[in-house]
Amino acid sequence: MNPLYVARARTDKIIRFLCLSAAAFGLIWLGLILFTLISKGFAGLSLAVFTEMTPPPGSKSGGLANAIMGSIMMTLIGVGVGTPIGMLAGTYLAEYGRHEKLSFYVRFINDILLSAPSIVIGLFIYGAVVVPMGGFSGFAGSLALAVIVIPVVVRTTEDMLLLVPNQLREAASALGLPRSLVIRRIAYTAARTGLITGILLATARVAGETAPLLFTALSNQFWNVNLMKTMANLPVTINNFVQSPYDYWRQLAWTGALLITLAVLALNIIARLLGTERKSK
Amino acid sequence: MTDMSVPAMTDRTKPLDRARALAAFKLGDSTFYWLTRASALIVLCLLGGIIISLIVGAWPAIKTFGLEFLVTRRWAPQLSPSPVLGALGPLYGTVVTSLIAMLIAVPVGIGIAIFLTEFCPPMLRRPVGVAIELLAGIPSIIYGMWGFFVLAPFMTEHFMPAVIATFAHVPVLNVIFAGPPSYLSLFNASLVLAIMILPFITAISRDVFQTVPPMLKESAYGLGCTTWEVVKNVVIPFTRAGVIGGIMLALGRALGETMAVTFIIGNSFQISGSIFSPGTTISAAIASEFAEASGVHMSALILLGLLLFVLTFFVLAAARLMLARLQQQQGK
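Those sequence lines, one after another, are chains A and B.
Here our numbering is used: the first residue of the first sequence is 1, the next is one more, and so on.
Here our numbering is used: the first residue of the second sequence is 1, the next is one more, and so on.
If we strip away everything but chain B, and leave its shape as in the complex, we get (with noise of 0.2 Å):
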């Protein structure tokens, strides 16, 4: 009797249970792809939200200011009755010292890029590649704290006094390489950027370079050409997108970049031809005077903030172009 009862048993509890089983499947299912979903979409909120929240810190600011903003070279916060606030000087340094940094930073990053894809001896590939990779990933603070203990002191002693006085009688250079040397100089920052921007662009070229078939290269070889000039016709033509967007990645970080040059830029809003004086960028301002702001003064530091997010959205987007058109090339 018993032995007859467990498959009757089974027999009717099976269906009921399968049909459980898979209902909670079902829902487990749905509940997974959808929470996956959510989060995508939370992504697309966060940029959605900082606009939308810079925007709403920023609008007493564009009320009271307008597009003067962008065009006004004066700063004065504690002016009465009413503060006179422009975008000009921070908007100058900050394009100054990106482009200097830059200037410096991309020659020496694509140099060692080369040296390690093509000249380097294989035993030292590794651990100099492993080397700048890790350096890449120091916090931009200890860059910021050496620049201003140790790079400044030493530059503003040693280098910018011979460099003025080299220049001091050719027009032209002697107001970009004007005197007095400063501590605190849009030059000594640019040159802590491009220190800090330089494992950077070497990281991102490298991998770019490595992206070449060998068997383009050896092709290339084969025909006679030297290293440089494999180089310089086979590997950089084939990457020039992945290069020119692994720049303007660079160029992304060192616009927005803040710890490294806020200590050595001097937060001065003035706007003077020469590099060796102090200066500041849209991101020192705005850490150097948020604490103490207030009213449309804080109004008009988000509004720096904003600008420099559309900037640097742009700059990115056109990076981001670049590098998928390398994907889309390679994937042929």
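One chain only, chain A, in its complex shape (with noise of 0.2 Å):
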């Protein structure tokens, strides 16, 4: 055979090879990583974690029920706040603004606010909320996660809008409904999915923030519902966790860490299984 043909395929195997270990090497991390969290987190999980309060320094018992809370209440309140928000801006991005000056330059700032360091975002809202109010608040958090919440939902409305068709809202337009009906009642009804699997994915994106919740939320050792008082939450009771001597509390920190990622995976399987049964209709 022509020696060059033989070279090539070399080339070609080297290199599927390599593309393959790069696949193991990766895969295997990550694989390690959701093992050492189902193994450690399992091992610590009992009804204790989800009725008592997270345990003074050197107690032997003691749960994440206060934390567990703190982040429900956060999460929602945050994605409550951030939803309505950036619902209505990505409204104006696909119908209203769609070739505007404008909406370039908020799409352009809604893009780098998606991958901004979500420690800056907690630097602001400690700066522009909790020095004005005078102390850490569960509402300060739960704002925080609010801005981090409405770029990700600008960009899903945005994209979902834009994926129904024109002539629905001619067809529309033309029996006479004014427009700001024709949004709600088709161009949204039309995205309903995908609207829903955007703040489900906002929601997932959260659930896990950490660094905004370090000087916001802060932490609170006792059960607390009040917005205006420090809030524990799981992120920052994990962190605190981590770094301590005790054996108990680093326990409780893996099995923290195993619930939000459940939390986490599940929000992220259902949004995707509401996105393929869009595509299959």
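Heads up, some of the hints might be wrong.
Claimed, not checked - Computed list of lysine-lysine pairs in PhoX-like fashion (alpha-carbon distance at most 20 Å, straight line):
hint: 1; chain 1: B; residue 1: Lys-232; chain 2: A; residue 2: Lys-13
hint: 2; chain 1: A; residue 1: Lys-13; chain 2: B; residue 2: Lys-217
hint: 3; chain 1: B; residue 1: Lys-232; chain 2: B; residue 2: Lys-217
It is worth saying that the hints were derived from the structure and are not from the lab.
Two chains, two separate frames, one set of hints: put the complex together.
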């Protein structure tokens, strides 16, 4: 055979092997992380985790009940505040201002906010909310999460509305519906599953955010549902417990990490299932 | 009589109702329009708000240290009468950890993406792709924790001593890989960062590779190209802007990442030539010192945050421009 062919086939094989080993290398690390998380996390899973408060130093009993509650509250409020703003802004980009100069800038800035370092968002809320209000609070934590939710929702709303065929809008307009009703009744309905997917993804994104809560919501050793006080939450609790010298605290940190990961994965999977359902229709 | 009055009534009220309904429509229409427009403006204001709030917070430090801040190596917040604070240590740590992480994650991530789009048996393509996307969604604190409890001890006990011994007598390399091995080190932090951004790079590169029209690839195969030649000569040139954009997005993430590095970087403001020694990054410094800081120390930490934001802003802006170029190319 022509030696050139042999050489080319050999290069192809080598590259094929390299790509395969890259895939194996990457997947092994990621598999190891999941394995450790599951084996260590499940070891500490018990009813007490959901019913008892975070333990004081040195204690051998206690759970994460207040942290779980705080995380759920702040995530829901953050998503609740961020979603309407994000959806309306996304609607402007996709429906009213599709070709306007303003949309160009908003889109660009939104893309930057989408991947801005979350610790900077924490600093922003510290300066804009915590200092004027005179103290750390669950409210400030929720706002920090809302700032992270907004760009995610803007992005998905715009993308999903752009997928709605224009003929639908034109048909509705021809029947005499005003523009705002065309958008709310027709475009939103047509894009509904996509919009829900976006909100779920945004929830998954903020559920595990730690850095923006470190100096906004801080943490709290006790049960607290008052938004104006510091509020316990899973990520910051994990952060504090990982660096502690107590074995029981470290064990709780793993359990908390497992809970967050399971919640985030569940949200992602539901979002994905909704997405495929839409495509198959 | 009643029969007559009914049409008469509707005739009288119809124009009135119509006008009222139209007015309500008009009001609802313009309210909705302004709501959406205001929300779009809120997004712009968020960026402005972030910048203004950081500048206000950092102002005392800017006034005290000025441009010196950027080139000062010392970080002594407790020094009396006036603390000496400089950004050089965290800046160095941020750049070094991100660079090492990119050096590891970019080739591997793109390799996996090529594997997924070109070499992978179609049966495995979806499950592996989905697994990688799910992994990209795992919160970074999980990676940080795993690095702290599992990776750092392993690397420090098994990998580092071997590397230090191997390069002990090679000039330059014996400085970069100088001992003693430490749990808390730039290298361990970079490795965790690399593992964290790996799924991210893979997911973006795969999406970008999938934009190559099958016709182009099939033509190259028709000419007798091997798979690698198709990748090298068709796929990569076609998607270059997109891949670079994706890499820069990942770089933006690596630069600003906090929780994956804070536990294992050591929070040391020293600058050492060895990547096996402790260091700090901007975000790790803020995360570990902000709670106890006050006065000019706190202000200096906010100034660090401002520097980080400016740095990532330019990286991300460049990334977005690159990705936009790919979209334009597709539009052609």
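**OP:** If any of the earlier hints don't hold here, list their numbers in rising order.
**Re:** none
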